[in-house]
Amino acid sequence: MGEGEAMKAQVSALMDGELNERESMETLRVLCGDAELRRRWADYHRIAASLRGEPELDLVARVMTAIDAESTRSYAASHTILDRLSRLLFLGRRCVDFGRAPAWALAASLAGVAVVIVWAMSSAPAPGERLGVLQARVEMPPALAPSPSSRASLQEYLLAHQAYAPGGALTGGTRNIRSVHRVAASGGGR
Amino acid sequence: MGDRESDQLLVERVKSGDKQAFGLLVVKYQSRLARLVGRMVYDTSEIEDIVQDSFIRAYRALPEFRNDSAFYSWLYRIGVNAAKSWLSTHGRRKAAARSPLGSDEENPESDYLDRLIQDNVTPENLLMSKQVGEAVNRALEGLSEEIRMAIVLCEIDGLSYEEIAQAMDCPIGTVRSRIFRAREAISLKLKPLLDTAPNKRW
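Protein chains in written order, with our numbering: chain A, 2 to 191; chain B, 141 to 342.
For reference, chain A alone in the conformation it holds in the complex:
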């Protein structure tokens, strides 16, 4: 008995539950990866069903097609999410195709997203905190808020010292500025 025949005999015995655990595992491993052996598995079961008077039924192709279609749909959905994520990160077309990108590229992209999210969450105040800041600005205690009188004296102080302020934008140029009524009085206008 050749190797192929021996494996078919193993499949036959597996079907009857007559292999030990180690043999079963090994036979299943080979069986799952060999289309010809899988056909044998199907034929043997079909023979068994016929001998027992069971109906002719072969749903395997239909079930497997449906499962494959479902897997493709879920893959496409996850692919779309990753695609959108990459656009969000302005990665553009350079590494958009996660399906063909190496695993490290995908991992690096996801790590980048994680860093951005963590940074954003740690630096941005929580909604409650932000509201608290606004309320603090609005409800500043009277003792700390500038009173109208202190504000007026401050303006006087600033005006008084403006002429002495060094480095002003118009320093040295003020003498060339004439007011409109003086220009008109001197007949400068045409």
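Keep in mind that the hints were calculated from the coordinates and are not lab data.
Computed from a predicted model, the values in this text were never measured in an experiment.
Beta carbons: idealized from backbone N, C-alpha and C, even for Gly.
One or more hints might be untrue.
Stated by the list, open to error - Taking beta-carbon pairs under 8 Å as the criterion, some of the chain A residues facing chain B (in silico):
# : residue
1 : Gly18
2 : Asn21
3 : Arg41
4 : Arg74
Stated by the list, open to error - DEER-style ranges, computed between Cβ atoms:
# : chain 1 : residue 1 : chain 2 : residue 2 : range
5 : B       : Asp143    : A       : Arg74     : 24 to 34 Å
6 : A       : Gly5      : B       : Arg217    : 37 to 47 Å
7 : B       : Met308    : A       : Ala67     : 40 to 50 Å
On the provided structure of chain A, position chain B as indicated by the hints.
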């Protein structure tokens, strides 16, 4: 290693991403599941749809399947629920008059084919069942007495190799070889018939 243990190995393979392992489970249980569903729903084409749906549901739910129960009893429960769901949706309760559901679950073995032929059946399925049945019988008649007896005791009477060896007074290895040779011989006779079945080969 019994059915439950070998099923568990297949389930583990499916869980680790081997879809073909699930195909092996479908092959193994499709007829039995169809027979069970056929006790609740009459229409053959709908039975096939319900069985297909049951397997797809099982595939989706497999990650949650624990080894608390046998795979086939878990699968049968899914099949019963799928059939009940179909009946409630379609409102056409064509339950079989022969036996209540409870006994079906305990003993799914039944003469489904007889009822299939008597009630409503698609011509394609009936023809294929008939042709396969005739081819198997012809192939069986062409086998030697020892080989025929070994496969009949195994498949029809459900004896283990050890029990067959005792009945036939021969070593277990011989039983194993005879059953394999019987299957190969019948499979060879069936090949022209099965190869012509459209979109049926896996």
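Hint-by-hint comparison with the structure:
no. : hint                              : result
1   : Gly18                             : holds, 5 Å
2   : Asn21                             : holds, 6 Å
3   : Arg41                             : holds, 7 Å
4   : Arg74                             : violated, 13 Å
5   : B/Asp143 with A/Arg74: 24 to 34 Å : holds, 33 Å
6   : A/Gly5 with B/Arg217: 37 to 47 Å  : holds, 38 Å
7   : B/Met308 with A/Ala67: 40 to 50 Å : holds, 43 Å
Comparing the model with each numbered hint stated earlier shows that hint 4 is the single one that does not hold.
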